[in-house]
Amino acid sequence: MIYVVVAVAVTIVIVIGVILSKGGSRQEPGVVSFRKHIDALSPESRREVMDRVRPAPRDDDFDEKPKG
Amino acid sequence: MARDLAIDLGTANTLVYMKGKGIVLNEPSVIALNRQTGEVLATGREAWQMIGRTPGYIVAVRPLRGGAITDFEITERMIRLLLQRVGVSRFTRPKVVICVPSAITEVERRAVTDAARRAGAADAQLIEQPMAAAIGADLPIDEPIGNMVIDIGGGTSETAVISLGGIVALEAVRVGSFDIDASIQAYVRREHGIAIGERTAEEVKVAIGSAAETEDESQAEVRGRDLMTGLPKTVVLTPEEIRFAIDDVISSIIASVVRCLAKAPPELAQDFLVRGMYLVGGGGLLRGLAQRIEKETQVPVRMSNMPLEAVVMGAGHCIEHYDALKGMFMGARR
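As they're listed, the protein sequences go chains B and E.
Those letters in the first sequence? Residues 250 to 317, by my numbering.
Those letters in the second sequence? Residues 327 to 660, by my numbering.
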């Protein structure tokens with residue numbers, strides 16, 4: 250009988266633990282994705298694109314280039 | 327495997343950024359068609375040179391007006407040709423991020439994404455031009471400080487306040503540098519009685535156009551067709567005349583900047599006085615415009631380092647960090 254009671258108690262503790270851990274992780278994606286979003290916009294992150302584009306040639310062979 | 331692309335589909339120019347490579351295409355958003363057969367005869371620079379100089383069976387058109395698609399079919403063909411030119415085939419279908427004016431309607435949005443998908447894109451996402459411009463202008467938009475960007479394009483002018491990676495306040499008007507050209511055309515027609523083409527009007531704007539008085543001003547000779555006699559005629563235009571001709575357009579752009587400033591939360595508004603506003607887009611290159619905005623708003627105005635490329639660079643950054651930044655795309659759940 251005692252074994253049954255212990256097994257039920259352990260099961261309840263495990264179920265509560267699982268529920269709580271899922272509840273906690275539900276918060277995580279928002280925080281993590283916001284952090285990723287902000288980090289991806291940092292100047293260090295943008296440096297690669299800036300450096301890649303900076304030396305890109307402007308069309309010098311075209312003297313009548315229209316501007317927007 | 328196709329490399330993903332970012333496209334600044336502007337009313338005036340189209341720029342394409344290829345992931346891992348940089349800007350691979352930069353040319354006018356113009357397409358020349360055979361009116362009878364519907365065949366594409368030229369695109370980009372070659373087609374731009376044909377504007378106003380074509381025989382009856384050829385038509386050179388800008389398929390975008392005010393940043394919106396005016397002819398869906400022609401735009402789709404132009405996007406298809408653009409993608410082909412940068413190496414996209416039916417077997418290599420890239421993800422594409424396209425910059426569009428923030429004020430476009432749901433129907434226009436769908437028209438752009440459908441055109442890109444039909445033209446060969448596996449997935450097409452849209453990003454607001456001022457947001458892309460702020461990223462490309464290297465503003466510290468990842469910080470909780472007020473960044474203000476004014477993007478003056480061919481058909482639209484947009485002002486946005488950006489903080490912590492999101493748009494806080496936004497104002498857009500469907501007025502841009504093509505409206506400046508049109509005002510010059512109308513003025514010359516009205517005051518001097520001659521008709522000039524849109525390319526000539528643009529040349530006048532570039533040569534002597536200004537939004538405020540500048541130090542080295544000169545006059546310009548303009549040739550057109552006399553409306554009374556039909557004969558070619560030359561007139562001399564002064565910078566004061568051009569300023570008068572374009573004043574309504576400039577005032578409309580500045581009014582939208584003021585409205586955006588008024589929308590900004592006070593905590594961010596104080597940042598503008600220190601950091602200033604950043605001007606991007608080809609329209610921002612008009613002489614004296616920065617000084618005039620500064621004078622009328624009492625906020626410093628700074629020119630971006632690469633005003634013509636800022637928007638596509640911002641979109642290019644989004645394609646490089648697609649997963650982290652997909653929340654920025656229009657219609658995405660944030």
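Keep in mind the hints are simulated off the structure, nothing from the lab.
Every residue, glycine too, gets a C-beta built ideally from N, C-alpha and C.
Check the hints yourself; a few may be wrong.
To be verified - Derived DEER-like restraints, expressed as beta-carbon distance ranges:
1) S291/B <-> M629/E: 21 to 29 Å
2) V262/B <-> E432/E: 25 to 33 Å
3) R284/B <-> R435/E: 51 to 59 Å
4) Q362/E <-> S291/B: 28 to 36 Å
5) R284/B <-> T418/E: 27 to 35 Å
6) T418/E <-> I265/B: 29 to 37 Å
7) R444/E <-> S291/B: 54 to 62 Å
8) Q596/E <-> S291/B: 44 to 52 Å
9) S291/B <-> T564/E: 30 to 38 Å
Taking the hints in turn, this is what the structure says about them:
Between S291/B and M629/E the Cβ separation comes to about 23 Å, which falls inside the hinted range of 21 to 29 Å. For the pair V262/B and E432/E, the beta carbons lie near 51 Å from each other, so the given range of 25 to 33 Å is not met. At roughly 29 Å, the beta-carbon separation of R284/B and R435/E lies outside the given 51 to 59 Å, and the hint is violated. Between Q362/E and S291/B the Cβ separation comes to about 54 Å, which falls outside the hinted range of 28 to 36 Å.
Separation of R284/B from T418/E is about 33 Å and conforms to the stated range, judged on CB atoms against 27 to 35 Å. The given range of 29 to 37 Å is broken by T418/E and I265/B, whose C-beta atoms sit roughly 51 Å from each other. Separated by about 36 Å at the C-beta atoms, R444/E and S291/B break the suggested range of 54 to 62 Å. Take Q596/E and S291/B: their Cβ atoms lie about 23 Å apart, and the range 44 to 52 Å is violated.
About 48 Å separates the C-beta atoms of S291/B and T564/E, a value inconsistent with the hinted range of 30 to 38 Å.
This entry does not satisfy hints 2, 3, 4, 6, 7, 8, 9, going by the numbered hints stated previously.
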